[in-house]
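Asks: Chains S and L, in that order, are what the protein sequence lines are. At position 32 of the first sequence (counting the first as 1) the number is 38 in this note's numbering, and the numbers step up by one without a gap. At position 232 of the second sequence (counting the first as 1) the number is 233 in this note's numbering, and the numbers step up by one without a gap.
Source of the hints: derived by calculation from the structure; they are not laboratory data. Mixed in with the good hints, there may be bad ones.
Here are the computed lysine-lysine pairs in the DSSO-like style, where the Cα-Cα straight-line distance is at most 30 Å [unchecked claim]:
1) S:K8 to L:K334
2) S:K34 to L:K450
3) L:K450 to S:K115
Keep in mind the model is a prediction, meaning the values are calculated, not measured.
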Amino acid sequence: MKAAVVVFPGSNCDRDAMRALTLATGQKPHMAWHGDAAMPDVDLIVLPGGFSYGDYHRTGAMAAPSPVMREVIARANKGTRVIGICNGFQILCESGLLPGVLLRNESLKFVCRPVRLKVENNQTDFTVSYDKGQTVTIPVAHGEGNYFAEPDTIKKLEGEGRVAFRYIDNPNGSMNDIAGIMNDKGNVLGMMPHPERVAEPLHGCTDGIKVFQSLLKAIG
Amino acid sequence: MTMSPEIEKLIAEHNMARDEYAVLLRVLGREPTEAEFGVIAAMWSEHCSYKSTRVWLKTLPTTGPQVIMGPGENAGVIDIGDGQAAVFKMESHNHPSYIEPYQGAATGVGGILRDVFTMGARPIANLNALRFGEVSHPKTRSLVSGVVAGIGGYGNCVGVPTVGGETNFHASYNGNNLVNAMTVGLADAKRIFTSAAAGIGNAVVYVGSKTGRDGIKGATMASGEFNANAESQRPTVQVGDPFTEKLLIEACLELMGTEAVVAIQDMGAAGLTSSAVEMASKGGLGIELDLDKVPLREDAMSAYEIMLSESQERMLFVLKPGHEKEAEDIFKKWELDYSVIGKLTDTGRIVCLRHGKTEVDIKVDPLVESSPVYNRPYEATPVQPVLNAADYPIPAGETPLSVLKTLIATPDLCSRRWIWEQYDCHVGTNTAQSSGGDAAVVRVEGTNKGLAMCVDCSPRYCAADPVMGGKQAVAETYRNISAVGAKPLAITDNMNFGNPEKPRIMGQFVGACEGMKEACIALDYPIVSGNCSLYNETNGQPILPAPAIGGVGLMQDISKMMTVAFKAEGESVLVIGETKGHIGQSLYLREIFGKEEGAPPPVNLTAERRHGKFVRQLIDDRAITACHDVADGGLMIALAEMALAGDMGCKIDAPATDAGFWFGEDQARYVVTTRDPDALIAKAEAAGVPFMLLGLTGGDKVVLAAETVDLAWLRDLHESFLPDYMEG
Numbered sequence: 007m008k009a010a011v012v013v014f015p016g017s018n019c020d021r022d023a024m025r026a027l028t029l030a031t032g033q034k035p036h037m038a039w040h041g042d043a044a045m046p047d048v049d050l051i052v053l054p055g056g057f058s059y060g061d062y063h064r065t066g067a068m069a070a071p072s073p074v075m076r077e078v079i080a081r082a083n084k085g086t087r088v089i090g091i092c093n094g095f096q097i098l099c100e101s102g103l104l105p106g107v108l109l110r111n112e113s114l115k116f117v118c119r120p121v122r123l124k125v126e127n128n129q130t131d132f133t134v135s136y137d138k139g140q141t142v143t144i145p146v147a148h149g150e151g152n153y154f155a156e157p158d159t160i161k162k163l164e165g166e167g168r169v170a171f172r173y174i175d176n177p178n179g180s181m182n183d184i185a186g187i188m189n190d191k192g193n194v195l196g197m198m199p200h201p202e203r204v205a206e207p208l209h210g211c212t213d214g215i216k217v218f219q220s221l222l223k224a225i226g
Numbered sequence: 002m003t004m005s006p007e008i009e010k011l012i013a014e015h016n017m018a019r020d021e022y023a024v025l026l027r028v029l030g031r032e033p034t035e036a037e038f039g040v041i042a043a044m045w046s047e048h049c050s051y052k053s054t055r056v057w058l059k060t061l062p063t064t065g066p067q068v069i070m071g072p073g074e075n076a077g078v079i080d081i082g083d084g085q086a087a088v089f090k091m092e093s094h095n096h097p098s099y100i101e102p103y104q105g106a107a108t109g110v111g112g113i114l115r116d117v118f119t120m121g122a123r124p125i126a127n128l129n130a131l132r133f134g135e136v137s138h139p140k141t142r143s144l145v146s147g148v149v150a151g152i153g154g155y156g157n158c159v160g161v162p163t164v165g166g167e168t169n170f171h172a173s174y175n176g177n178n179l180v181n182a183m184t185v186g187l188a189d190a191k192r193i194f195t196s197a198a199a200g201i202g203n204a205v206v207y208v209g210s211k212t213g214r215d216g217i218k219g220a221t222m223a224s225g226e227f228n229a230n231a232e233s234q235r236p237t238v239q240v241g242d243p244f245t246e247k248l249l250i251e252a253c254l255e256l257m258g259t260e261a262v263v264a265i266q267d268m269g270a271a272g273l274t275s276s277a278v279e280m281a282s283k284g285g286l287g288i289e290l291d292l293d294k295v296p297l298r299e300d301a302m303s304a305y306e307i308m309l310s311e312s313q314e315r316m317l318f319v320l321k322p323g324h325e326k327e328a329e330d331i332f333k334k335w336e337l338d339y340s341v342i343g344k345l346t347d348t349g350r351i352v353c354l355r356h357g358k359t360e361v362d363i364k365v366d367p368l369v370e371s372s373p374v375y376n377r378p379y380e381a382t383p384v385q386p387v388l389n390a391a392d393y394p395i396p397a398g399e400t401p402l403s404v405l406k407t408l409i410a411t412p413d414l415c416s417r418r419w420i421w422e423q424y425d426c427h428v429g430t431n432t433a434q435s436s437g438g439d440a441a442v443v444r445v446e447g448t449n450k451g452l453a454m455c456v457d458c459s460p461r462y463c464a465a466d467p468v469m470g471g472k473q474a475v476a477e478t479y480r481n482i483s484a485v486g487a488k489p490l491a492i493t494d495n496m497n498f499g500n501p502e503k504p505r506i507m508g509q510f511v512g513a514c515e516g517m518k519e520a521c522i523a524l525d526y527p528i529v530s531g532n533c534s535l536y537n538e539t540n541g542q543p544i545l546p547a548p549a550i551g552g553v554g555l556m557q558d559i560s561k562m563m564t565v566a567f568k569a570e571g572e573s574v575l576v577i578g579e580t581k582g583h584i585g586q587s588l589y590l591r592e593i594f595g596k597e598e599g600a601p602p603p604v605n606l607t608a609e610r611r612h613g614k615f616v617r618q619l620i621d622d623r624a625i626t627a628c629h630d631v632a633d634g635g636l637m638i639a640l641a642e643m644a645l646a647g648d649m650g651c652k653i654d655a656p657a658t659d660a661g662f663w664f665g666e667d668q669a670r671y672v673v674t675t676r677d678p679d680a681l682i683a684k685a686e687a688a689g690v691p692f693m694l695l696g697l698t699g700g701d702k703v704v705l706a707a708e709t710v711d712l713a714w715l716r717d718l719h720e721s722f723l724p725d726y727m728e729g
C-alpha cells in the first residue's frame, strides 16, 4: 500500500500520521505539500489533524480550495481511499467529499480525552480489522467536532451503514453520537478521534492502529 | 538636575529611576531622542536587565557534566546522550495574563516556545504553573477560564503537547495571578544556535508577523506594580497568532538545518530593541537597522513604536553571505513576511534610521555595561515556630477518612481534569504520561529514552521560610521525576516575587535563592535557565513568593516508566521515607483549622537524594508496580490519588490514627506498591532507607480500620469540584 500524507500550513498531526502508517505498513508515506497539485500514484491519501490555515474563517474552509485538494477530490472520485482525521474530517466536509459540518463542541471548550467508540460497520476498507460492534478507545482533541447534518442526510448515513464509528461517551454533542462517517462509495472516511495516537504500546492502548491495518488488508 | 517636561513625562511613563536617567545622560553624552529613551528604558527595565536580582542569581549553581549551556542564552541546554540535547526554560506572563487572560496566557506560551526553538530545538512539550486568587473572589473564575483557554488555544494550534503543570488558589493572588509557561525541546547537541552576531557586513533579516502597535512598553509595564486601574493597561498586552508561530517554527528549524545561519534571536520582551542589542552586544559588533524596511501593520509607526513593539511571532537572523536566497526560499515556502532590515557593522553602535533620519545612535557596550545593578537591602523572614501536631487533632466527630473526603474536594487538592482536558496532550504521539501523575514523560523520538518533566512550588512554604521553601521546590521536582523512574538532570526557575524595593520582599528572594542553591548542589541538579517576575503586587499587597521550579530528567528505557495508579489486587502498599507528622503549613491545617501557620516541613537533602536514588533503582529493577510522591495533603491524599488513578481500592492497617501521620507533609517520601514486600523491605534495610508497611491494594473502597469510603464517591467529590465551580 502506497500512502501520501497531505501537509497544509498549520497541519500538526502530519508526522504522527506518517509514524502510524510506517508502523502499520513498514513503508514511509509520501508527504504531499499543500501547494503542489502533483502527487505520486498512491492507494491512500491521509488528511491529518491540526489547524490548517490557523482555523481562520472556519475549520477546514481555507484548506478545502487549496491546489492539493483539487487533486485529492479528483482521486477520491476515481476511488482512491482518503481518510481525514480531526481537521482532515473538517476539510472533507468543507470540500464536499463528505456531507454535513463539524460545529463547535457543545461545551464550547476544546476537549482532549480518550473516548470509547463503537465500531458500527466493520465491512469497510477502514475497519475490516475490527470486530463488528467492538468497543475501542481512541482519543479526541478538538474544539469543533460536533457533527451536524440535515435529518435526511443523517437518515441516509444511518440507513446505508455509513456511520463507521459512534461515540459511547459523546464528547462534543454530535448528532446520533457520530464519530466517523464514510462517503456513499465507501472510499472516503472522516473521523474526529485520532487513531494514530493509540498505535503502539507507548500510548497505553493500540486500538487505533487497526484503522491502518484495515487499509493494508483491503488494499494489499 | 533640571529636565524638560518631555523628559519628565518619559521617565514617569517608563518606570525609570531618576538616577538611572543621570547615567543615561552620561552614557549618551546628550539628551536622548524619544526612540533612544525607549530603547534604553526597556533595556534597563527590571524585566530585561534583572537589575535587582542579578547579584543573587549569580550565586546559583549552573554547571555540571550534563550542562551544555547554562543561563545567558534563550534557554538552557543539557546533554541527554547519543549526541542529543534537551533545551528548556520557563517564563512568566503574569501581568499580561491578569490584564487580558486569554491573550496574556497565549502569548506567554508563544514566547517560551520561541525561546526554545530559537536555540535550534524542536519543542516537544509544554508545561505550566498557574496560581489564581481564592475561588470566592469575583474575578477568579473568569481568569481561570481565560488563562486555560489561552494556553490551550496557543499550544494546541502549534501542535506542541501540553503535558503537565500545577495550579494553586490563594487569596494573595486575587489581584495578581501567576502564569508561568515552560517548554522543553529536543536538539542535536552539536547544532545549538545562539544570538551572538558575527561577520561585519552580514545581513540582518527579519521574519515573521508584521510589526504593529501591540505590546508597546510591555517590558516596562511588567516592571511596575499594579494599582486599581490595571485593566487600563490592556493595550500593552500582545495578541498572539499561533498559526504564524507554527509556520515560524517549521521555517526556522528548516533554515537552521542548512548552513545559512550565523545567529538567531527572537523578538520577545522589548521586541526589536532587545533582540538587536543582544545580538550586537554578544557579538561585540555594531548593528545598523533601516526601520523603513521592517514589515509594518500600520505605516505611520514611529521609530519608537517600531523599536518597542512587542508584536508576537517575530524572529531576527544574521545570515552568512551568499545564503540570502536559500533563506528567502524557505520563508516564501512557509508564506512568512521577511525582510533584510540591516547589517552588522564594526562601529559597536546600534543605529536605527526611520525615513532617512537617524533616530537611534547608541554605543552598545556602554549601554549594556551601565545597565544598573542593585544590591537591594533585604530582611530575613522571621522564623516561624514548629507546630505540634498533637495540638491539631482530627476534630471530634471526624475521622481520617471523613477529613479525606473534605480535603479531596478543596481547590488545591481537587482534580484538575477540567483544566488539562482543554490541552492537547497527545499531539506528536510521543507522550507516555501526562497530567495527573507525578511527572510527564515524553519519548525522545526514534529512541527508547524518555524525558521526564514537571513544575513545582509550594508558595505557602516559601512565605513561611523562603530558604526552606526554595529548597523544597527543587526537591519536589527531584522527587516527582524520580517517582516516574527518571534521573533528575537539571532545572529552570521562574522567580515570582513582589516589589524588590521592599526589604522584606527582597529577603524572600535572597532566601529562596539560598535554599535553591543548597538543594541544587546537594542533588547534582543545576539551574540552566530562568526568569524573574517581580513587582507582583496590587495596591501594595504582595503575592506569596513563588520560585517555581521546572525539572527535567532522563530515563534510558521508557518501557520501565512508573505511574501513580494502583495496578493489581493484593499488592503491598509501603511508604518510603520517614513520617514524623509535620503539621505546620499543611493543607490540613489550612482547610480544617483555617490556619496558615508554623514552619514548613524541613527538607533533608541527604534523605531526598538517598530516597530518590532508592526509588529509581526499584523502578529500574521492576521491583515496584506504582509510585507516588507524598506532597500536599500528606499520606492519605497520596493513597487516595493512587487508588483513584488505578480505580482500585486499598485496605490500610497502619498503627497510627493521628492527623500528623495521615495529613502531615513530611518531605522525601514516596508511596509504592509491590508484589514482593519482603524483597523490598530487605533492600530498604540494606540501603538504610526508612519505610513502613501500610496495607494491601484491592477492592473498590479505601478501608481504614473499621471505616470505609467508596472510590466512586471519592471520585465524584474529587472530580466535581472544579467543573461545578467553573459552571458557577
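Asks: All the hints need checking, so say for each whether the structure fits it.
Replies: Hints, one by one, checked against the model:
1. S:K8 to L:K334: 26 Å, holds
2. S:K34 to L:K450: 22 Å, holds
3. L:K450 to S:K115: 34 Å, violated
Of the hints listed earlier, the one the structure fails to meet is number 3.
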